[in-house]
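Residue numbers (this note's numbering), protein chains in the order written: chain U, 1 to 118; chain R, 119 to 231.
If you're looking for bench data, these hints aren't it; they were derived computationally from the structure.
Any given hint could be a false lead.
One-sided and incomplete, this derived list gives chain U residues near chain R with beta-carbon spacing under 7 Å [to be verified]:
1) Phe39
2) Ser43
3) Leu44
4) Glu52
5) Arg97
6) Gly110
7) Pro111
8) Gly112
9) Val117
From the three backbone atoms N, C-alpha and C, an ideal C-beta is built for every residue, glycine too.
If you want the building blocks of each chain, they are given just below.
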Amino acid sequence: GAVVSQHPSRVICKSGTSVKIECRSLDFQATTMFWYRQFPKQSLMLMATSNEGSKATYEQGVEKDKFLINHASLTLSTLTVTSAHPEDSSFYICSARLRGRGTTDTQYFGPGTRLTVL
Amino acid sequence: GNSVTQMEGPVTLSEEAFLTINCTYTATGYPSLFWYVQYPGEGLQLLLKATKADDKGSNKGFEATYRKETTSFHLEKGSVQVSDSAVYFCALSAPSGTYKYIFGTGTRLKVLA
């Protein structure tokens with residue numbers, strides 16, 4: 001159980017276009033989803049926290065107009081990279097926290113999306 | 119503030135060797151502690167966790183004990199395999215109600231046959 005999927009797994013786009021990444025919890029309802037960015041051989045950097053039905057909370061230094069997050073349901077969150085540029089190329093990973101398990105704080109991670117902006 | 123310090127890698131071991139990856143933390147209150155593993159090109163998989171002092175998390179031969187007195191959560195395995203080659207991340211969940219994780223920098227493990 002506790003499977004999180006991401007789509008697409010890999011995307012290549014031209015500079016100036018927008019890219020949408022989906023994150024789904026497949027067999028559980030997620031109270032909260034998180035979006036991370038990972039640079040090569042580095043740790044994960046939290047970009048934003050997404051709660052169903054409310055606006056995402058962005059970490060300091062993350063442009064909310066650049067990285068649009070929508071948490072449409074308890075099983076789906078999307079990250080849209082708007083007007084992408086080569087410096088946005090990265091590995092984007094989402095995670096989800098189970099709903100209805102009291103104060104459980106375990107996050108389950110998706111497999112990641114490799115974004116390359118040409 | 120909250121932080122996680124992990125030993126720097128890479129760590130290179132021969133198959134069947136004993137593994138220790140050190141992790142210490144700083145936190146207010148009583149965080150939950152986690153070890154995640156990341157294989158090349160993939161997301162993170164939960165390896166084990168502990169939610170209170172003296173708890174021992176274990177999975178697939180890996181173990182880690184929540185030591186409050188030394189603020190540590192070292193990862194150990196008695197006999198590593200080539201398939202254990204991956205990057206290992208220590209993380210804490212701050213007891214602030216936000217459920218955010220603080221990650222260590224990750225330790226790359228390479229096991230040679």
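Query raised in the report: Would the hint on U/Gly112 stand, with a C-beta cut-off of 7 Å toward chain R?
Result: For U/Gly112, the interface hint holds, since the closest Cβ of chain R sits about 4 Å away, which is under 7 Å.
Query raised in the report: Once the shortest beta carbon distance from U/Val117 to chain R is found, is it less than 7 Å?
Result: violated, 18 Å
Requested in this report: Verify the interface restraint on U/Ser43: the C-beta must sit less than 7 Å from at least one C-beta of chain R.
Outcome: This interface hint holds because 5 Å falls under the 7 Å limit.
Requested in this report: Would you settle whether the hint for U/Arg97 is holds or violated, based on the nearest Cβ-Cβ distance to chain R being less than 7 Å?
Outcome: Holds - the Cβ of U/Arg97 comes within 7 Å of chain R, reaching about 6 Å at its closest.
Query - Hint status (Cβ of U/Gly110 to nearest Cβ of chain R, threshold 7 Å) - result: Nearest chain R Cβ about 5 Å off; hint holds.
Query raised in the report: Is the hint on U/Pro111 kept, meaning its closest Cβ partner in chain R is under 7 Å away?
Result: Interface hint status for U/Pro111: holds (4 Å vs cutoff 7 Å).
Query raised in the report: Does U/Glu52 meet its interface restraint, that is, does its C-beta lie within less than 7 Å of any C-beta in chain R?
Result: violated, 14 Å
Query raised in the report: Is the hint on U/Leu44 kept, meaning its closest Cβ partner in chain R is under 7 Å away?
Result: Check passed: Cβ of U/Leu44 comes within 5 Å of chain R, closer than 7 Å.
**Report entry** Cut-off 7 Å, beta-carbon criterion: hint that U/Phe39 touches chain R
**Finding:** violated, 11 Å
Of the hints listed earlier, those the structure fails to meet are numbers 1, 4 and 9, in rising order.
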